[in-house]
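Required output: the full structure, derived from the provided sequences and hints.
Mapping the sequence shown onto the UniProt record's numbering, position 177 (from 1) lands on 177, and the numbers just tick up by one.
Because the hints were derived from the structure by calculation, they are not lab data. Glycine included, C-beta positions come from ideal geometry on N, C-alpha and C. Errors might be hidden in some of the hints.
[As the list claims (entries may be wrong)] Below, computed lysine-lysine pairings styled on BS3-like, alpha-carbon distance capped at 27 Å:
hint	residue 1	residue 2
1	Lys60	Lys32
2	Lys258	Lys287
3	Lys249	Lys225
4	Lys60	Lys91
[As the list claims (entries may be wrong)] Across the chosen pairs, the derived CB separations fall in these ranges:
hint	residue 1	residue 2	range
5	Ile165	Met228	21 to 27 Å
6	Gly212	Gly246	25 to 31 Å
7	Ile165	Lys251	17 to 23 Å
8	Glu255	Ile59	49 to 55 Å
9	Lys251	Leu213	41 to 47 Å
10	Gly212	Arg66	15 to 21 Å
11	Glu103	Leu46	32 to 38 Å
12	Gln221	Lys162	20 to 26 Å
13	Gly192	Ala83	16 to 22 Å
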Amino acid sequence: MNHLPLTVCLVFAFTYLWIVIEFAKKPKKRRKTAIDALIFTIIIVLLFLFGPLIAISPIKPGYETRVEGTITIIYPNAFSPEADRFLETTKKAERNMYSIYQETYPVKIIWAKSSFDMMRFVGRSHGGAAGLAAIVVSPDRMDEGVLTHELSHRYLQQKVGKLGIFFPRWFDEGLATYLGHTDSMAKYTSDGIIRDALQKGLYQKDLSYWNGLIGYIHWLQDVRKRPMEIYSQSYFLIKYLADTYGEEKLKSLIEESKSARGFDEAFFRVYQLTVNDFHQSFLAAFKESHQMQGETNL
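Structure representation (structure tokens):
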């Protein structure tokens, strides 16, 4: 269940209550309190009508909303002729979730009209990203691969009931790319990228580098420096897990993550391997299949 709309409303309600109390307690400062309340109201209105809270706003200037089942799509008025395609693509992405997550969850997706709109909704101008209340995709990235990728991030958090930083980025991003490996995301599925990364020293040798909050920051830095390498590496790590041990164990890993104190603990429970041992097994198999002995900078 998504508690964000209720939480936001409660925060605003308590803030207004505090303003009213201050207004009543301090007659001499009523003018300042009234000005503060006006500024606060303007900020809230802007956040709902033109900012990251537009997905839960009853009014969405320039945008239309369509709901079908668990899916809510929000798109510009100018994109109305493409609304059916948007909905069908989202349904395909939702179906792609079922093989691993075995459930469907309510989701809101905004198809931004421009890079400027995407920036004000989610703080970035291109691709796909999870905002405060919805997934947002840029005008040129509304495809099955990107929607599946972004849905996987949401589903993983919903399924496990933990924040995204519980999972190392290689697992979260790799699973999302594994499920959404088509269209715009297909460029990350070439094993030649891994081969080149190994040879050029761009391959991430220590997977714990992407663990926790610090690992999340490292990932964001890597997205700017070496996006092809890190998304491809994470994709092939998950593909190796699925191909070698089966998707059933991937599902078991997600289930175990609900009760485990950390991802590494859940991983060992399921695979009877440490993450590092698994990684070394993956590297050995990859180098053997590509005849790379003695050729890498690892």
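Proposed proximity, Lys32 with Lys60 (alpha carbon, max 27 Å): It is violated: about 31 Å lies between the C-alpha atoms, which goes past 27 Å.
Cβ-Cβ distance between Glu103 and Leu46: within 32 to 38 Å? Given about 36 Å between the Cβ atoms, the range holds.
For Glu255 and Ile59, compare the CB-CB distance with the range 49 to 55 Å and indicate the outcome. 41 Å, violated
Per the hint of 15 to 21 Å, is the separation of the Cβ atoms of Gly212 and Arg66 within bounds? With Cβ atoms ~38 Å apart, the hint is violated.
Confirm or reject the claim that Gly212 and Gly246 have a C-beta distance inside 25 to 31 Å. 28 Å, holds
Is the hinted range of 41 to 47 Å satisfied by the C-beta distance from Lys251 to Leu213? Hint violated: Cβ distance 26 Å, outside 41 to 47 Å.
Look at the Cβ atoms of Ile165 and Met228 and judge whether their distance stays inside 21 to 27 Å. 24 Å, holds
At the C-beta level, are Gly192 and Ala83 separated by a distance inside 16 to 22 Å? 38 Å, violated
Has the hinted range 20 to 26 Å been met by the Cβ atoms of Gln221 and Lys162? Since the Cβ atoms of Gln221 and Lys162 sit about 23 Å apart, the hinted range of 20 to 26 Å holds.
Could you see if the CB distance from Ile165 to Lys251 stays within 17 to 23 Å? Given range 17 to 23 Å: holds, Cβ gap about 21 Å.
Given pair status - Lys225, Lys249, alpha carbons within 27 Å: Violated - the C-alpha atoms of Lys225 and Lys249 are around 33 Å apart, more than 27 Å.
Given the hinted pair Lys258 and Lys287, is their alpha-carbon gap at most 27 Å? 34 Å, violated
When held up to the earlier numbered hints, the structure conflicts with 1, 2, 3, 8, 9, 10, 13 and fits the remainder.
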